[in-house]
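Asker: Each chain is listed here by its residues.
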Amino acid sequence: MEEERHFELTKNGKAFILFGSLFVILGLAIDNLLLIVPGVLFWLVITSTFISFLFSHTYSFNTKMSCSKDFMRSRGLLAVAVELTNPSRRTILTKISLSFSFHFKSIDKAETVLIKLSPKKKTKIVWLLLATRRGNGEIGPIEISVGSFQFLFKHKRILKDTQKIKILPQRPRINIPWKTKKELLLKMVHEFAQRVKGRGDEFFALRDYLPGDQLKHIDWYATARHDKLISREFEDQRNLHFLIYLDLSSTMYGPKFEYALSSVVELCSLIKGTNHDLAVIAYSENVQKYIIPQVGKHELRLMLNLYDIDATGVHSSFLNAVKFTKNNNVIHSIAIIFSDLEGDLIKKLQGIHLLQTMGSRVVFVNFATMHFNILSSHDWMLDRTEDMNYGEILKYVFPSIVSEEYRKREIELRQILYSIRGDYVDIFGYDDNIILSLYRLMKKYSPTQRLVQEAVGRSS
Amino acid sequence: MRIKDKVFEEDWELTSLTALGSTFIASVHHLFGALAISLIVIQSAFSLNIYIFTIWLVLGIVILMTDLIKGTHIKMSSEVAFGLFFVFGTILSLLLANPNSMFFPATLGRVDIIIYQSLAGLCIGLRFLSTFYYMEYFEQEHTFVRTKSQYTKEQVRQYKDNLIKTDFEYTSPEEIKSLQKWIVLLKRMLWPSLILIIFATLAALYALMIFYLIPEDSIAEYIIRPSLILVAIIYSVVLIRTNAILPKIVDVDTQDDQQQEENSDTVATEDDIENISINNTT
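Protein chains in written order, with this note's numbering: chain S, 1200 to 1659; chain P, 252 to 533.
Isolated chain P, as found in the complex (with noise of 0.2 Å):
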């Protein structure tokens, strides 16, 4: 059983189009997921330990695999299960660590410790941008139909002939390019990474001074670190709580709108009444 309308397929086409460039986004994105765990599965390797080795490749495969059948339909509920996989990873490897993997609980002041473990961060940081990005402004398939038959072409434009001078002149404003999105994204995380920095320092300026303060290594090591994790846990609490009151101040300011309005009402009416008593007596 088929149920074709010859005319309308003769005369339209259903075009559907992926905005530009998401293609390349999606490719970015799976492209530092692989990044990422191939940077702990090569370090892994180095440090020879055959557990840690075992755990990431399996889960590099899964992910890569999972990337690679969903293609450029990148999903939040996917990346989250991404994150996911990433804490449970960590912590298997946490316990499985020996003194030379990055996984250790201690760096022991090694830098190339530290350069693996930034390089693996800042991948997997940037696959999240990179979806965050995706998902902000290519998202959405779009679907729409185009004229095909030279009918159908001159009915178009013949009806935009017709409207022109009126309400519906056709118009299509100006969309905005992929480079311009990149430079609106970055201006936006401005304010916000000004802000994360100056908490960073303040932090920074709190442990330096307790180090200098106590200069024992080991009082160091036990003041610091809980002292950035209460910062982490405030600056949590405050993100949540500022969520639960972002609504409330929207709300305040619509009242205090609504309440001048009246104000002003009631104000200008008496206003009005005088304004009448004194032009009857003039």
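The shape of chain S in the complex, shown without the other chains (with noise of 0.2 Å):
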């Protein structure tokens, strides 16, 4: 392993070794004890610091530092061991340090520990390590002080060695069986696809010609069966065109998006699976990343592209991402929005109109609720809090603002979407999960669901 040796006076010192001789010669100079008591200290703390370090020079250690992972998920845990090897005969007091990046925390021990390493005589230490933010950590490098007053005179090793550590999001808490996952697919199959026109060529059903239709689709004995144009409907049972928009924007920033990152990425990893189409667009002002995973070699590094992806603080545009959609030929048959109801609300419902037109349909998966972080706009709490105290208006004012302002919001969106027959779903907190939400929403289109629905509907 790389080893740097650091042994220099640093600023202290020198000052200490002034400061000893003002003292003495000062206080020998007027007859006074008590400049001269201190200044003889001064002196015999530096002094002690050269004889300790004549003693403790050649002092080498044998030493390795290792991980337990290179790879691991937010909120996981990591060993780091670090070994040391005292060849000499003395028993030597060291201070070990070991750095790392802000990505990690150390779990019930201190960076820092001061142990004495016994002769010829392996030392192990384990630090562990909680990941808590998601990027490349770094694990390293590895102090080791040699002697005492590191202060006034420095003397190190440093060990060089540093290990690169990739975060990825965190774990979802919820393990979902393959089989419901699998499930909530064929559902998704059977539910969306019949929806993709022109698309396809399996038969599904007959329909009264719309403006709009081919020609050649229209079923010229059905047509002449009922006296009206009559257009064939086909599906596409066998391929799903998914389309996921991340929003990036300032209003995401926070755990709230570490969590819609996640979701993300394990829908995309059920999508990888089988053989729908996928296509991933994080935007915020613009688009920001246009990511299609590919099978073969690449397949892997193009996933983990999505890792990269950070909230980049600025107001985001869904409408741009939608003309961007539609500008390049996007195929995609179902899209998925990962967003909040925050920020710029019309352009949200202008891209859905937009995504609409384009054939789509759009679920729209909001992270916006109560149970995550919230960041609101200072506007929608200013008439209201007017003679309150700070730490009032967070904990009453705050919340019902907020909640009110989001179900406002909330009907607004919903009303838009059900009219372009589009989907909701709502993340409740942490403990929620994507696989789960878009489950229930689907139980919604479930055959006996339906029968019950069509029932309310025509009782009312």
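Since the hints were made in silico from the structure, they are not lab data. The structure presented is a predicted model; accordingly, all values stated were derived computationally and were not measured. Positions of the beta carbon are idealized from the N, C-alpha and C atoms, including for glycine. Keep in mind that the hints are not guaranteed to be accurate.
For the chain S half of the interface with chain P, some residues (derived, Cβ under 8 Å), not all of them [as the list claims (entries may be wrong)]: (1) THR1246; (2) ALA1278; (3) VAL1281.
List time: in silico DSBU-like cross-link candidates among lysine-lysine, alpha-carbon distance up to 30 Å [what the hints assert, rightly or not]: (4) LYS428/P <-> LYS1353/S; (5) LYS416/P <-> LYS1320/S; (6) LYS1213/S <-> LYS499/P; (7) LYS326/P <-> LYS1321/S; (8) LYS326/P <-> LYS1213/S; (9) LYS432/P <-> LYS1315/S; (10) LYS1359/S <-> LYS432/P; (11) LYS399/P <-> LYS1415/S; (12) LYS428/P <-> LYS1355/S; (13) LYS399/P <-> LYS1320/S; (14) LYS1319/S <-> LYS428/P; (15) LYS1359/S <-> LYS399/P; (16) LYS1323/S <-> LYS321/P; (17) LYS1355/S <-> LYS326/P.
Beta-carbon label-pair distances, calculated as ranges [as the list claims (entries may be wrong)]: (18) SER267/P <-> GLU1203/S: 27 to 35 Å; (19) ARG1332/S <-> HIS393/P: 14 to 22 Å; (20) VAL489/P <-> ARG1288/S: 17 to 25 Å; (21) LEU343/P <-> PRO1286/S: 53 to 61 Å; (22) THR269/P <-> LEU1544/S: 48 to 56 Å; (23) LYS1210/S <-> GLU420/P: 38 to 46 Å.
Hey, can you piece these two chains together into the complex? The hints should help.
Answerer: So, in structure tokens, the structure goes:
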């Protein structure tokens, strides 16, 4: 392991040599013990550091650092083992500090430990680290301080070895069995695939002719029977084209975004296991990233691209993202939008309308529930919070206003979505799961549920 | 605007701990500072010197206030400032001293003044020593996370259990206790104090020699003190030079090692060749 040695008198050390000399000389000159005593003490300390250096500069350690994994999930645990061997015949007192990037936090143990290394014996120190942030973390270097008074005379061995660790978004708390996931996909295919018109070649149903239908799809026998134009509807039972929009706006910033991203990843990994197509658009003001996971050796790399996305901290425009889809003719049959209710809602609604004109089903996944961190614009609460304590605002007024505003926006969005046969899904906090939410949604489309709904509709 | 990670806060507890006993050391540090200055103030009150009394009272209040404001947060820069304050106060008092004051340029053989001076000096020395000790062992505030919820407790326990009999088996070596730290500190100061004692004895012997050779007080005064000052200057020069020389000693050592390694390599190759030739012949 590459080792760097540091031994130098620090600024403090120089200052204390000068102080010592000044105190002693001045004290002797004016015959005053008041100055001589501390001056001699400074000398004593400095001399002791020099002597301890002379004794300890030949010490060498065999050091080894290893981490239990290279890839890990956020909120996962990592063990870092540092092995130190003291080949000399003396017991050495050392201060060992492990440095790591901001992605980690040590569990139950400080980063610096002060231990005695027994002679000719291997000492192992294990740190348990918790990954708190997603990204590219780094473990190392290790600093071994030998000798006392390090702030006066720096005497350190820095082992420059660092290990890079990729931290992926956190693992969902709920483990959903693969069977459920498969069932969900089947349901989605059954429900959404039939709405792909003009694509696929399997006959699905007859219906009244609508302007815009191709002439070749007109069923002339049926037309003759019913005395009106009837056209055939086809479905694509085999392939669904998923298009996932991920909002990177400032309002998503924080753990909420992490959760949205891990949901996207979960959904992607589900879809990638099948023969359905998938594309991910990460957008803020404009489209930031357009990812099409491919089959083959690049598949993993492209999927890992997802993990490097971060919220950008500007207001996002969903309309621009949809325009990008339209201009580039991105094929899609289901658009799943991972976003929230905050920010510019009108642009979101306009985008949804545009999506609908492109003939895709829209599912809006809302992360703006009260279970997540709340980020709201200050003008929501301006008129209500005059002459109020900040603590009270946070405790009582803020959540109520936010929930009220959320409800208003949710109603507005739901109305638009239902008018275009879209769907709305809420994620209720961190204990909820995207797969489960979609499963709940698909239940709405089950035949029994549909019969009930129809019955209710008739009675009303 | 607020960002809160509710799940993290429910599961983990951010803990920051200062090293055990750091408050004690910090309070000892403050106490010795206050004690030193109060000794000076009391002496100046006894010596009926209003100027010195006022100067040190003001300095004392300033130092005490800064100490109290900073609390257990001892910094080297503030200690340097304390030292400078001290020198400044001493020089001012020197100008305003009367024969009863402890700042008068001669003790006139008065035992009480010598006791006051040495006690105050000792307090200041101990204050600095406690600073060094604090910086050495108690400076860093340790931050880490602790498990809070049952879920994370179980998670950590299971993870530790799974690491048993691997390279990462969880071990926490015994850290050094507070008392041991003191012992280490004192042990490390043994050698230098011996050296200093030898220096001081030599200086005293030299002074005594001059005193007996030239028994007149006035001449002794002119020779003993300057010679001690000379020793002090030489010692500080020695310290400064040692700082310059030390890294070179290490360089020479490492160079020697390297050269030895190189030589041993070449020798070994020659030996090898011979051995090979011998092997071949046999």
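Asker: Next, verify each hint and record whether it holds.
Answerer: Structure-based check of each hint:
1. Interface restraint check for THR1246/S: the shortest CB-CB distance to chain P comes to about 4 Å, inside 8 Å, so the restraint holds.
2. The interface hint given for ALA1278/S is met, as the beta carbon of that residue sits about 4 Å from the closest beta carbon of chain P, less than 8 Å.
3. Of the supplied interface hints, the one on VAL1281/S is violated, with its beta-carbon coming no nearer than about 10 Å to a beta-carbon of chain P, more than 8 Å.
4. The straight-line distance between the Cα atoms of LYS428/P and LYS1353/S is roughly 23 Å, inside the 30 Å bound, and the hint therefore holds.
5. Our distance criterion of 30 Å between C-alpha atoms is met by LYS416/P and LYS1320/S, whose separation comes to about 19 Å.
6. With a CA separation close to 18 Å, the supplied pair LYS1213/S and LYS499/P stays within the 30 Å bound.
7. For a cut-off of 30 Å, the pair hint linking LYS326/P to LYS1321/S is broken: about 36 Å separates their Cα positions.
8. The suggested pairing of LYS326/P with LYS1213/S holds, with an alpha-carbon distance near 16 Å, which does not exceed 30 Å.
9. A hinted pair counts as satisfied when its Cα atoms are at most 30 Å apart, and LYS432/P with LYS1315/S qualifies at roughly 11 Å.
10. Proposed proximity of LYS1359/S and LYS432/P is supported: the alpha carbons are some 28 Å apart, at most 30 Å.
11. Restraint check: the Cα-Cα separation between LYS399/P and LYS1415/S comes to about 67 Å, which exceeds 30 Å; the hinted pair is violated.
12. For the hint linking LYS428/P to LYS1355/S, the alpha-carbon distance of about 22 Å falls within 30 Å, and the restraint holds.
13. Taking the CA atoms of LYS399/P and LYS1320/S, the gap is near 36 Å; set against the 30 Å cutoff, the hint is violated.
14. Between LYS1319/S and LYS428/P the CA atoms are separated by roughly 23 Å; this keeps the pair inside 30 Å, and the hint holds.
15. Proposed proximity of LYS1359/S and LYS399/P is contradicted: the alpha carbons are some 34 Å apart, above 30 Å.
16. This hinted pair does not check out: LYS1323/S and LYS321/P have alpha carbons roughly 38 Å apart, beyond 30 Å.
17. The hinted pair formed by LYS1355/S and LYS326/P meets the criterion: a straight-line CA distance of about 21 Å does not exceed 30 Å.
18. For SER267/P paired with GLU1203/S, a C-beta distance near 29 Å keeps the hint of 27 to 35 Å intact.
19. Range check, ARG1332/S to HIS393/P: about 20 Å between beta-carbon atoms, so the 14 to 22 Å window is met.
20. In this structure the supplied range 17 to 25 Å is violated for VAL489/P paired with ARG1288/S, their Cβ-Cβ distance being about 30 Å.
21. Distance hint check for LEU343/P and PRO1286/S: the Cβ-Cβ separation is about 56 Å, which falls inside the suggested range of 53 to 61 Å.
22. Evaluation of the 48 to 56 Å hint for THR269/P and LEU1544/S yields a pass: the beta carbon distance comes to about 49 Å.
23. Checked against the hint of 38 to 46 Å, the C-beta distance between LYS1210/S and GLU420/P comes to roughly 42 Å, which is consistent with it.
Hints 3, 7, 11, 13, 15, 16, 20 from the list above are not met by this structure, while the remaining hints are.
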